[in-house]
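Asker: Spelled out from the first residue to the last, the chains are:
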Amino acid sequence: GQNIDQPTEMTATEGAIVQINCTYQTSGFNGLFWYQQHAGEAPTFLSYNVLDGLEEKGRFSSFLSRSKGYSYLLLKELQMKDSASYLCAVRDPPDSWGKFQFGAGTQVVVTP
Amino acid sequence: DVKVTQSSRYLVKRTGEKVFLECVQDMDHENMFWYRQDPGLGLRLIYFSYDVKMKEKGDIPEGYSVSREKKERFSLILESASTNQTSMYLCASRTSVMGSNEQFFGPGTRLTVL
Chain A
1 GQNIDQPTEM
11 TATEGAIVQI
21 NCTYQTSGFN
31 GLFWYQQHAG
41 EAPTFLSYNV
51 LDGLEEKGRF
61 SSFLSRSKGY
71 SYLLLKELQM
81 KDSASYLCAV
91 RDPPDSWGKF
101 QFGAGTQVVV
111 TP
Chain B
1 DVKVTQSSRY
11 LVKRTGEKVF
21 LECVQDMDHE
31 NMFWYRQDPG
41 LGLRLIYFSY
51 DVKMKEKGDI
61 PEGYSVSREK
71 KERFSLILES
81 ASTNQTSMYL
91 CASRTSVMGS
101 NEQFFGPGTR
111 LTVL
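Each protein sequence line maps, in turn, to chains A and B. So the first sequence is residues 1 to 112, counted in our numbering. So the second sequence is residues 1 to 114, counted in our numbering.
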């Protein structure tokens, strides 16, 4: 199985940078995902890492170190609309139908 | 535009009732999933299906069953609803094609069992 840990809540100011860490312990690994979920809405996909390193997508970047069981999501130039819960998820093998294990989510609060 | 729909956004049922939650996707995805989401616990997998008529237990299947008679539809059934099944239920789907990785989620059903 998987054990996935991420902080419960983080607060940052508009325009700042916030880094959300995620650590995992796995019996299998086939990719790490980050999702954004606004209150009362469905999660939406942000990023995917399967190899070590940094993936950049606009204001959002995600990093993975498989040897350390560690990932982070970096949110730059924070905007008020970035206030949401951010979910870290690890996928089991196989690629075709591997199930996801989710962390409890990190609530990011962006203040003016 | 990809779409996963769920039959109800809000549902109120009484203890002991049989409850059906329906999920439909229009993306011809092979894999479908049912999760429940509770504060502090995150998303927990109840059941998933990787093909029509196929089903696999997730991490918390007790008290639930599922049905997948057609590729586009995945139903979650609470045989006898209990108050501890009050939760947000999220359906998701995903293709099994290599390289296409993300799950697409429905809007969720907030179920209250009285």
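There could be a bad hint or two in this list.
Using 27 Å as the maximum straight-line C-alpha spacing, the simulated DSS-like pairs for lysine-lysine come out as follows [what the hints assert, rightly or not]: (1) B:K70 / B:K3; (2) B:K3 / B:K55; (3) B:K55 / B:K13; (4) B:K53 / B:K71; (5) B:K3 / A:K81; (6) A:K57 / B:K3.
Read the hints as simulated data drawn from the structure, not as lab findings. Predicted model, so just to flag it, every value in this text is computed and none were measured.
Asker: If a hint holds in the structure, say so; if it doesn't, say that too.
Answerer: Going down the list of hints, with the structure as the test:
With a C-alpha separation of about 16 Å, the suggested pairing of K70 of chain B with K3 of chain B holds against the 27 Å cut-off. Only pairs whose Cα atoms come within 27 Å are accepted, and K3 of chain B paired with K55 of chain B is accepted, the gap being roughly 22 Å. A hinted pair counts as satisfied when its Cα atoms are at most 27 Å apart, and K55 of chain B with K13 of chain B qualifies at roughly 26 Å. Restraint check: the Cα-Cα separation between K53 of chain B and K71 of chain B comes to about 9 Å, which is no more than 27 Å; the hinted pair holds.
Distance restraint check for K3 of chain B and K81 of chain A: the Cα-Cα separation of roughly 23 Å lies within the 27 Å cut-off, and the hinted pair is therefore satisfied. Distance check on the hinted pair: K57 of chain A and K3 of chain B sit about 23 Å apart at the alpha-carbon level, within 27 Å; holds.
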